[in-house]
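The lines below spell out each chain.
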Amino acid sequence: MQRSSCVLQTKEICKSYGPITALNNVNLCLAEKKIYGLFGRNGAGKTTLLDIISSRIFADQGTVTCFGEDIVKDPESITGNCCYMPEKHFFPARLKVKKLLSIGKMFFPNYNQDYAERLCRNFQLNIEQRYEHLSRGYQSIFRIVLGLAARAPITIFDEPVLGLDAVARDKFYLELIEEFSRHPRLFIISTHLIDESAELFNEAIIIKNGKIIRQASVEELLSNTFYVSGKSAQVDQFLKERVVLDCQMVNDLKIAVVEGDLNAEKELPGLSFSPLTIQKLFIHLTNDQTEQEKKR
Amino acid sequence: MKPEFDQNKSIYLQIAEGIEDNILKKVIEEEGQVPSTNQLAALYRINPATAAKGINLLVNEGIIYKKRGIGMFVTPGAVEKIKSKRKKGFYQKFIVPLRDEAANLGISEDEITDMIKKAKEK
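Same order as they appear, the protein sequences are chains A and B.
Take the first sequence: its letter number 234 is residue 234 in my numbering, and every next letter is one higher.
In my numbering, each residue carries its 1-based index in the second sequence increased by 1000.
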């Protein structure tokens, strides 16, 4: 990866909360005009990472640079360019949506009022309502509206679709793609709904126990892993000297998840090969249970 | 173009194949306009880079071409090009799985030939 193409870069970021290590030596390079998906299990360090790169909290060690400037030495480099919509709300809850949006305008120089109003209509967000009276889903929608309409060069959403129904999620995905086509910029979006969102992203970043374990396009991630199934003796023969991520047995039938290029495999009698979905891959990569299976 | 994607295949390939299907079935005529990268990305909720990858595949094969500032169009002769390309893939895509499933079920070659004849009559 070219260093010069990084708009946002972290170098050896570490963060602990007492005895708990939240982030462990995180190195990331995020390019301009790309949408990144951040995937990780609960407690993997997603929010801590987003809090640090948006300068809400500080890392114990390591540096974050934004457009080449250290964000601790030059906080303006991040605050002037970034719109972060954290999962936990940080808005004065008693204010009306309308008022909150007009305050948002003051923080984000590229904020577009017409677009914000259009989004409110599209998502049927009542701008006369107080924030505290919004349902969980509508609070998420409010964050989506503000985050998109802010048109900041770096836009970060922590779990934007939390509490949203399927229709609203689909609307968000469509708005995101249309907005990205109109005004390409850097988006970072964390989510647990991997399968339905994966194709939105240029790259997926997978974080596990405070470490980045993968950063690649979904296409690339999927091309490096596949299922092999068949009679256990034959599957075992095939698995020799291969990296096995997971194995399941049903009587004499064995299904294994293997690292390698599916297209490079020749047909073998008695064995079936097939690709994984991104969500299954995520499960196999981040489930500690499967790690133990591997050791057996 | 299909309304939804297949799980087992790269999205960009399905984008390219979907456009080819439309050209073969004359849903989009030769010299007709092909949906843009951004239209495809919005329609399928996919990253524009993925849609562009599918479109570029067809541009490189000469099936569609770019008119600067206007959009993408079907190249004259594209139908023939798609047909000859797909004929080459016909064996791998249809005959091999047919052979495998017929072997699983114990269907003989004669029975398969009969079935093909019957399907033609319908």
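FYI, nobody ran anything at the bench for these hints, they're computed from the structure.
Careful, some of the hints might be misleading.
What the hints assert, rightly or not - Computed cross-link-like contacts, DSS-like style, restricted to lysine-lysine with a CA-CA straight-line distance of at most 27 angstroms:
| # | chain 1 | residue 1 | chain 2 | residue 2 |
| --- | --- | --- | --- | --- |
| 1 | B | K1088 | A | K266 |
| 2 | B | K1053 | A | K171 |
| 3 | B | K1088 | A | K33 |
| 4 | A | K34 | B | K1066 |
As the list claims (entries may be wrong) - To be clear about the criterion: a stretch of chain B counts as covered by chain A if any three or more of its residues have a C-beta under 8 angstroms from a C-beta of chain A, and this derived list gives those stretches:
| # | stretch |
| --- | --- |
| 5 | 1008 to 1020 |
| 6 | 1076 to 1086 |
We put the beta carbon where it would ideally sit given N, CA and C, even for glycine.
Point to revise | Contradicted hints - numbers only | key: 3 and 6
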